[in-house]
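Engineer: Here is what each chain is made of, one letter per residue.
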Amino acid sequence: MPEIAVAGLVKTFGDQRALDHVDFKVNDGELFTLLGPSGCGKSTTLMSIAGFQHPEEGRIAVGEETIFDAQKRIAVPAERRNLGIVFQSYAVWPHMTVHENLAFPLKVRRLKRGEIRSRIAETLELVEMTPYEKRYPHQLSGGQQQRVALARALVYSPSILLLDEPFSNLDAKLRVRARSWVKELQTKLGLTTIFVTHDQDEALSMSDRIAVMSAGEIQQIGNPEDVYRRPSNRFVAEFVGRVNLIEGVVAGVERDGVLLQVDGSNHRLTVPAAGGAQVSDRLTVVVRPEAVTLVSAGDSSVNTTNTWDASIHAAAFLGDHYEYELEAGSVQLVVQTSRAVEGPRIKVHIPRDACSVVE
Amino acid sequence: MAASYAREALPRPRRDILPASLLQWITWLLVVTLVLGPFLPLLYASLRDRPLYEAGGAFTTEPYRELLRDHAFWHAWWNTIQFAVYTTAMAVVLGAAVAILCARTDLAGRRTFSKLVLLPLLLPSLGMVLGWIAVWGEGGYLTSFFAQRLHFTTPAIDTIRGMSVVEATRLMPVAFLTCQAALVRADSALEDAARSAGASPLRVLRSITIPMLRPALLNAATLIFTLSIAVLGIPLLLGVPNNIQFVSSYLYTLWTNASSPDPGTVSAGAMMLLVVATLLLLLRNRLLGAEARFVSVGGKASHTAMLSLGRWRWPLSGAITFYLLFTTLLPVLGLALMSFVVFLTPLIAPWDLLTWDHWKMLDDGIFRNSIRNSVIIAVVGAVLATAFVTLATLVAHRSTYPLRRTLPFVMLYPRATPGIIIGIGFFWAYLLTGALGDWFRNSIWGIMLAFCIRNLPLAYIVMYPTLARIGEELDRAGRAAGAGWWTTSRRIVLPLLRPAMFAAFILLFVELLNDYDPAVFLVKPGTEVMGATMLSQFIQGAIGPVAALAMVQVAITVVVLAVGSRVFKINTTGGNDA
Chain S
4 MPEIAVAGLV KTFGDQRALD HVDFKVNDGE LFTLLGPSGC GKSTTLMSIA GFQHPEEGRI
64 AVGEETIFDA QKRIAVPAER RNLGIVFQSY AVWPHMTVHE NLAFPLKVRR LKRGEIRSRI
124 AETLELVEMT PYEKRYPHQL SGGQQQRVAL ARALVYSPSI LLLDEPFSNL DAKLRVRARS
184 WVKELQTKLG LTTIFVTHDQ DEALSMSDRI AVMSAGEIQQ IGNPEDVYRR PSNRFVAEFV
244 GRVNLIEGVV AGVERDGVLL QVDGSNHRLT VPAAGGAQVS DRLTVVVRPE AVTLVSAGDS
304 SVNTTNTWDA SIHAAAFLGD HYEYELEAGS VQLVVQTSRA VEGPRIKVHI PRDACSVVE
Chain L
62 MAASYAREAL PRPRRDILPA SLLQWITWLL VVTLVLGPFL PLLYASLRDR PLYEAGGAFT
122 TEPYRELLRD HAFWHAWWNT IQFAVYTTAM AVVLGAAVAI LCARTDLAGR RTFSKLVLLP
182 LLLPSLGMVL GWIAVWGEGG YLTSFFAQRL HFTTPAIDTI RGMSVVEATR LMPVAFLTCQ
242 AALVRADSAL EDAARSAGAS PLRVLRSITI PMLRPALLNA ATLIFTLSIA VLGIPLLLGV
302 PNNIQFVSSY LYTLWTNASS PDPGTVSAGA MMLLVVATLL LLLRNRLLGA EARFVSVGGK
362 ASHTAMLSLG RWRWPLSGAI TFYLLFTTLL PVLGLALMSF VVFLTPLIAP WDLLTWDHWK
422 MLDDGIFRNS IRNSVIIAVV GAVLATAFVT LATLVAHRST YPLRRTLPFV MLYPRATPGI
482 IIGIGFFWAY LLTGALGDWF RNSIWGIMLA FCIRNLPLAY IVMYPTLARI GEELDRAGRA
542 AGAGWWTTSR RIVLPLLRPA MFAAFILLFV ELLNDYDPAV FLVKPGTEVM GATMLSQFIQ
602 GAIGPVAALA MVQVAITVVV LAVGSRVFKI NTTGGNDA
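Going down the list, the sequences are from chains S and L.
Residue 11 in this note's numbering sits at position 8 of the first sequence, and the numbers go up by one each step.
Residue 342 in this note's numbering sits at position 281 of the second sequence, and the numbers go up by one each step.
Just chain S, same shape as in the assembly:
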């Protein structure tokens, strides 16, 4: 399976810049996710790779073959890129049976009838759809149609697989099941895959690496843990999961950390050293809600560093956890705990290692 190299893609619609120098490399056999809100350029990127959009600048290569190069005016037509794609709507052709849907790409490639039949049988078995071969799409459920779409994208051994929000039309329960099923299949086949989604849970649970996109630019590329725990900027922090943002001014620099004077309060926060922070620099610190701990107000056994007095402003029970909105002076915090706590007066402890500094 080849790797995919995307370099310097620029695409404008009217005066709107949809892609602004998008660069990334997808490794052999990797599941690479483009994550971002709608309009961030993730689908435009995917459609450029598929050959349905032509950027004004940039290059795309799959393995050794350059399939797009704006400068050299190379644009291999979509039908000659040999890639498999699953669309958001599945795009299972409604006038063809499951068998005919899968046979189409093989007939276009002039395979012999026997080979067509055996390949279809093999692929349908892979997606566990063998009993439905003679059905028409309207006789299938959404989840089954999705499997057919995937089978159709796999049946001709494409060099890479593109998934365009394939789960967004499934209901919540089915979506979680489909996720792990697709991931399992992808790993088994070792197929280089680009996956587009706006759902951070899907991205985090399935990806080998994630590229977070916003306004046509890639904000961060990293494995799921990196992106979640060490977001490179505010946008990534806020888009991937819930987050507390604490802003302040550096009051002192220590050997292995920085002391932050939090804006609008007398709270101080010790955070890991940010590359070359100087006294009186402004910093933004990111803390995930589940990383914060709550202690009852009377408990004095806790470390006093990074421990503030706070009051509970609102509480919600969310089944597997509790969520509290706190006010510590003028700082507002969201905290998730597995056990209920007594309010309204409370102590909140922000572990030093849970803090990460963003731009």
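To be clear, the hints were calculated from the coordinates, so they are not data collected in a lab.
These numbers come from a predicted model, not from an experiment.
Any given hint could be a false lead.
[Unchecked claim] Incomplete in silico selection of chain S near chain L, CB under 7 Å:
#	residue
1	V79
2	E82
3	I88
4	F90
5	W96
6	P108
7	R112
8	R113
Built from N, CA and C at the ideal position, the CB exists for glycine as well.
With chain S held as given, fit chain L onto it using these hints.
Structural biologist: For chain L alone, coordinates are given in the frame of chain S:
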């Protein structure tokens, strides 16, 4: 098992025989040449000091100046505009009212009505005018009946207002379709919200429904105005005998009756008419653009809550029935009766005047030729035009062809073009294109081509909404699977488009069968078509056989429409510009 996916690469997908871009260029060139081509010779002919078929000739603007000096020409314009204004006002008000009643109220029989009111637009227009004359004309069956038995004078239909009533009943369905499409698109939750806010049904109608229809009304009004300034049959059959000329009949008379033919002046007049029609089309495009602002963000196509008409439910239903009876059914019956009697009069019982002679006349000469030619033109033309428009619509909306955005405008352009202009344009075009033109000019295919071009917009209007509903991801999936543009179109898009293609075929068949005004400039002995024959024979006084011929048109039309809508439900509500 997984191994096979990594194992061997399959052969490369086969390419389409014809490269997509070549096919798309050919399609575009054909559309542009055929639609816009005829207008160039027309312009040329209007600026020459002698007919194009005579040698020599120099540039001149004399034809224009001559026309502008002609008092009769200005008078014809004034008549035409009055006629168009009356027609538009009546057709739009009536069409909108019936559309609202059918789409938003519990009117009794609304589903049936929303089909039946379309009939006048589909029935042969020339035949319907004859039917009106037979029933409501001066000395018409019911006119005499009312006058003699009830001492009640029905309004004359050979005046400008009378003619506009006849035309308004034909074009009312255009307003109906436009308003109906707008009402179906608009989310009825908007009206429900007003009801919840405390507005009475009538108040909702006045404050929400009608204002939201405004763009549709303007759109329909412009289209109806454009169509009615170009009509030829009504002024020829009703106006001219009463000394009322319209621009179209003025040009027709100038072409056919003048002692020395003056093609330059006719071409100049046609150019002026074309400019007016084009300006109206451009105006309409602007209005359509404005319409987007009124498109309510649709929720689900949930049930449409009906305004209750209460005790008006049946009386209003009765009123529409009467309307259809008097404007459509009676003229058709009158036409039928006229074809079976020696002459039509309420004074003598029709069975005493029964005759088969009119129908027997259809079996030979010009009538027989006309029927055969018309049917051939309708079948062959509808097949070819459907195929051609399908291809052009695919290029326009499902390709990356660089000039694709020009195609919808070009394909809709003949809609605004009066039929007689298309006729004159093709006449000159055939004359100027040597052997190929001669072949077209001397066979029925020349008339067929002109008819097809005139009715291209109809096919496009039927085709486009269905195509727009076919998700683009379906063809993208085909491309990704390795099929080229043509294979994808043929194997994936066309099968899904088949219902619309069938509907387009049926409607084209009907229109091509009944069309006449482009043909009046193109017919030659041997290439007669029904409409043109009816016109010329009626003017010569052969009323009975013309009525029989019109009945043939009506019968074929009704049968084809009935069979067509049975085989597949023709979707008439899809287009927003019917």
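Engineer: Run every hint past the structure and note whether it holds.
Structural biologist: Evaluated hints:
no.	hint	verdict
1	V79	11 Å, violated
2	E82	5 Å, holds
3	I88	4 Å, holds
4	F90	4 Å, holds
5	W96	6 Å, holds
6	P108	4 Å, holds
7	R112	5 Å, holds
8	R113	6 Å, holds
Going down the numbered hints, you'll see the structure goes against just number 1.
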